[in-house]
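Novice: Chains as they are written, first to last, in the working numbering: chain A, 1 to 689; chain B, 1 to 301; chain C, 1 to 314.
Treat the hints as calculated values from the structure; they're not laboratory data.
Beta carbons: idealized from backbone N, C-alpha and C, even for Gly.
Please note that the accuracy of each hint is not assured.
Below, simulated BS3-like cross-link-like pairs (lysine-lysine); rule was C-alpha separation at most 27 Å, straight line [said to hold, decoys possible]:
(1) K446(A) / K208(B)
(2) K208(B) / K371(A)
(3) K400(A) / K208(B)
(4) K160(C) / K79(A)
(5) K456(A) / K208(B)
Covered, in the sense of this in silico footprint (three residues per stretch, anywhere, with C-beta under 8 Å from a C-beta of chain C), are these stretches of chain A [what the hints assert, rightly or not]:
(6) 98-106
(7) 115-129
If you want the building blocks of each chain, they are given just below.
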Amino acid sequence: MSDNNVVLNEAYTVSEGNLVEARNIVTTFPYDRERKITAVDGVSIHLKKGEIVGLVGESGSGKSVTSMSILQLILPPGKVEGDVRIENMKGNMLDYGMNSDEARSVRGGKIGMIFQEPMTSLNPILKVGFQIQENIITHLGVSPEEAKTLAIEMMTKVGIANPEIRYNQYPAEFSGGMRQRIMIAMVLAAKPDVLIADEATTALDVTTQAQILELIQSLAKTEDVSVIIVTHNLGLVARYADRIYVMYGGNIVESGDKYTIFETPGHPYTRGLLAAVPRLDDPKDRRLIPIEGLPPTPINLPKYCKFYDRCKYREDRCKDGMCELRDEGNEHYVRCVLTKDEIEAKKAAVETESGTVPEKHITDEVVLEVKDLQMFFPILKGMMKRKIGEVHAVEDVSFKVHKGETVGVVGESGCGKTTLAKCIMRALTPNGGEILYKGQNIAHMKEKELKQFRSKITMIFQDPFSSLNPRQKAGDIVGEPLTINHLTGSRAEYNARIDELFRLVGLDPQYRTRVPREFSGGQRQRIGIARALASNPDIIVCDEPVSALDVSIQAQVINLMEDLQSQLGLSYIFIAHDLSVVKHISDRIVVMYLGRVVETAPAELLYDNPLHPYTKALLSAVPITDPKADEQRERVKLIGEVPSVMERPSGCPFADRCQYATERCHKEVPQLKDYGNGQQAACFLCDEK
Amino acid sequence: MNTNPNPAVKKTAKQVLSEKLTAFRKFMRVMTSRKIVVVGIIGTLFFILVAIFAPVIATQDPNLITTDGKLLPFSSAHWFGTDYLGRDLYSRLVYGTRVSILTGVISTLMAVVVGSFLGMLAAYCGGIVDKILIGYCEVFNSIPGIALSLTLITLFGGGMMNMAFILMVTGIPGFLRMMRASSLTVMNSDYILAAKLSGQSRLKQLYKHVFPNAISPIIVMATQHVGMTIMMESGLSFLGVGIKIPTASWGSIINEARPYLMVDPWYVLLPCIFLALLIISLNLLGDGIRDALDPSLRGEV
Amino acid sequence: MGKYILKRLLQMIVVMFLVSFLTYVLIGIMPRDPIYSLYGSDVTPAEYEVIYHRMGLDKPVIVRYFNWLVNFFKGDLGTSYAYHMPVMEIIGQKIGVTLYLSIVSTLISFPLGMLFGIITAVKRGKWQDTTLTLVANISASIPGFVIAIALLFLFCINWKILPSRGFTFPWENFGDHIRQIILPMFCLSLGGIAGITRQTRSSMLEAMRQDYVRTARSKGLQENYIISKHVLRNGLIPIITLIGGRLAGMIGGSVFIENVFSIPGMGTLMVNSVNQIDVPVIQACVLMTSGCMCLAFFITDMLYLAVDPRISLK
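Bound conformation, chain A alone (with noise of 0.2 Å):
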């Protein structure tokens, strides 16, 4: 919001030290005949050369409509108006239309984007090295053959090995943190001064969107380069950037220095994010504050702020009108009605109580124990069908779990957690090993015999549109387990059942009869849940039941379940790749690489003292959302990027990317080994130690 007094003529390009300035941006696309959907509402951002910034939002938020609008990447029927400025540029790009040569030479040449998804970004049917060559040559206008000297270079400086080959093959034959290096290394080879990062990182591994990051960091600097990451991951803009700009419903909320929006953040909704997110560091009991209610419709949005319906400090004149970024100082701007002091004094009247989580009650007794489970399929090829070998995708996982505790699962993708619960759920039958539900061995049940256990252990599923049969009643699949399993004698008791069951998880009962397309995203998961409770289990086993909601719904399903928990006394064995929220919510942590439990302890133990390499590397990955706390942590970085299940190392499976790797690690598989306090490990190192 650099200065709003210029005068906007022809001439004009930026303020000195700028290089993108853009005001007022508003982007709408047709939803019917009469009515539109504005997905940014007036938006202004700029950007000072050597910066790294962060557009942080829910999705829905508009944050990838602004990078693209700016780009004029927006198709029609969609239709931005504002002002684009960019350095060297002369008057306002949008002015140009988005074919023109200048729009284009913008593109690509002044500023580089690289997309969400790694794996639909690259032409599949050109060659990796055309596609770089072809965006050096537009906008440097070199020869093809200095093109390909000039990729090969830029390959190399983004990490990736025998440029000169990889440079000929198809983007099939590369990873997905291979091909986002790929897009990166396309968009800084024709020496762009602006790198805008729409989620760049966020459909890949914990620890590979931590190396791709601190890639984009580390060439920020060498390339000259300024950088926008856009992202809905508020730690993430918390490491890796310098100034934020927070966006609701279409607007910029809040902007200011990284260290400012997280120490004393202005606006009731960037306070709400910052409480409803879980973060590492939490201390075991903390309750997360959920925001209410669900996001704007970016149909009709109101003429006043975005966030009045959810807010906890909006008062009457909020609704007088849209009120302006204010200034506080020290480039930080905020748009509330309130100001600081009237926010702060009205804290203590409306920040309900943060409180502690729900008191567990954990016994000694053991409803589930996990013992040496072994999952492998078998690898086909030919014709014939010829078993070939086998994936190793569960080998010798063993825990235990106790009643009203929670035991999270953690690791990336191909660790095997799902397969995990997939075979306690026993979904799959395991080759080897038992699972003892109450001491009894059930993982090489019959069917029939099962059946009295399935209502003993449910599920939760991740996507809640996936798991609810689009055509029953939302109270259909909440009875389904009673009515499968008779577990409800007359129509009364069934109906009181599912009754009870939907204000347990919060739900009004009425909606009984409305299908799973009328629920938001949140509330689905509750059906989900509820269907979960239905018949009275011991156990439920989550499979990454909260990554597909935005973080202020997060908050609420997280707390529910913590509720359920000490209410019903339930044992959650939960399983995620987002360390934060199985942290949060475990008591217990196994921490799982590539088929094998690499170490298991205490929630608190294995953030304060990890043992494993590994567990070690996957922490640090994850950012915590304070800035100042974060850059105290240790960092310990990793090589490599998970490797295929069907490529386990023989030895130890993480040896190949851990530092400390000797050669017995290559040889030997080290065995899971107690280190006191209930933490266990498995690696030779922690005996030298």
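Assemble the complex: chain A is given as a structure, and chains B and C must be docked to it using the hints.
Specialist: Relative to chain A, chains B and C alone:
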């Protein structure tokens, strides 16, 4: 086992009905949002009404050989003239509508039922059953439709019911493949896993979850299939091997009329025009239903 | 890759075996007696018995099938009931005509259909798109024989500028060939062109929606360049898979067109054989056309392999 409405739901039974109505209205709104689809709906409705009320609309028995004369031009007694035997062409065309639509609809319906059943069977059983059924599709796919129909006609002979049967046989592989693919997609979804983990039997999963969710692409395919079947039926009748004389079918009328193209062109052209109009209407309707049921199939957004 | 080709070849052979077996068995339940059909109804019971054994009709169906198959590989497809001539000879004369018609019309309709499809996709929503799409929709909806009759009426009867029947190969008399072929070829290709136009359009629009097109735009490439380099190939690859099916459609369609324009091809032969219940000929026709289709599908797969690098990687 009480999945049925209860007091709390009964209260909203009216609401449910009105919700269904709204859904239907929305469906119709999408259907009618393109004017050309409306043309298709009107055209199809017109021909269906003609088929239903053929005895009322027709002026004479279609097979009655009148003594008024052969190959007469348009007149008030014979609106479209008479054919080569002196039968009333207008009445024959009206009754021909019946034959065409009936053959098309019946054979499509049968193909849908059999094809969907086998498709679900393939998806459900997997293994050897799946392989056999897929092999069956593969084999039938490798014989040109017309060659297959001609072979079957040689075997069973022509006539309307035989035609419907033969056209059903040629239609089955398409529906089988579609249903198999769409069932497999549904079977891989989490709500099937959830049902399985609740202990629901596979058969019950099949009719409670898989079938209702897998059927909608079949419906879209079926609406487009009717037109194709009618085209095929009239084609075979035109070749003189389909609907047998004296039953009036547009195809067979065109076949009878061909020798008189030079003498009485309208005799040939009228059934041709009717046939074209019906199929165009059906295809437009099919496009409309496709767009309304599944916008993602439209090929544009 | 070699493995893949081998696999497809094997699959093709298996399917052909199944098709041949199927046709053989179907014919086996045919009510018509082959001996009376071949030798006339005045065969005495004694003679009948001799022929019955000589033809191997007393053996189980599977043995008869293998005998038939062996004969097939020797080039003997039996004797036509209607013409009392070797089936091979009859088909040999006709199949060339039908294949010529089908292949040429496929070769005409693909480039044209793709061209129109590209135009409609690139000019989406403009008048070019609206007009071409409308024409394509209508042409695809009208049966080929109806169009053929209408054109026959106009050009051959009303205006009398083209011959209404006959077929000459181009190498025999090029002028006659053109005059005779122009209407049948047009009718045969029209439906194909219309279908391919529609499929190309939706495939192109699909390709234009892909993420990599957005990436290409974000690189500041020219719109025309994006279409030609990034969209076109991705959009046309799925169309190539349609060649096999289209060729089959053309063989089917030529049955009608041959009938209207009195062209002595396999279509006419098949219809006559059906009317005369000439079993061996029908059998051979089905087998021949299926063989052509299998070959077409195989060629399609090979084409696909050549244009899409993703497949050879697998």
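Novice: Now tell me if each hint is right for this structure.
Specialist: Status of the hints after comparison with the structure:
Distance check on the hinted pair: K446(A) and K208(B) sit about 23 Å apart at the alpha-carbon level, within 27 Å; holds. Between K208(B) and K371(A) the CA atoms are separated by roughly 36 Å; this puts the pair beyond 27 Å, and the hint is violated. Proximity of K400(A) to K208(B) is assessed by CA-CA distance (about 36 Å); at most 27 Å being required, the pair is judged violated. Distance check on the hinted pair: K160(C) and K79(A) sit about 57 Å apart at the alpha-carbon level, beyond 27 Å; violated.
Proposed proximity of K456(A) and K208(B) is supported: the alpha carbons are some 23 Å apart, at most 27 Å. Only when three residues or more bring their CB closer than 8 Å to a CB of chain C does the claim for the stretch 98-106 of chain A stand; here the count is 5, and the claim holds. For the stretch 115-129 of chain A, the assignment as covered by chain C holds, since 9 residues bring a beta-carbon within under 8 Å of that chain's beta-carbons and 3 suffice.
Checked against the numbered hints given earlier, this structure breaks hints 2, 3, 4; the rest are met.
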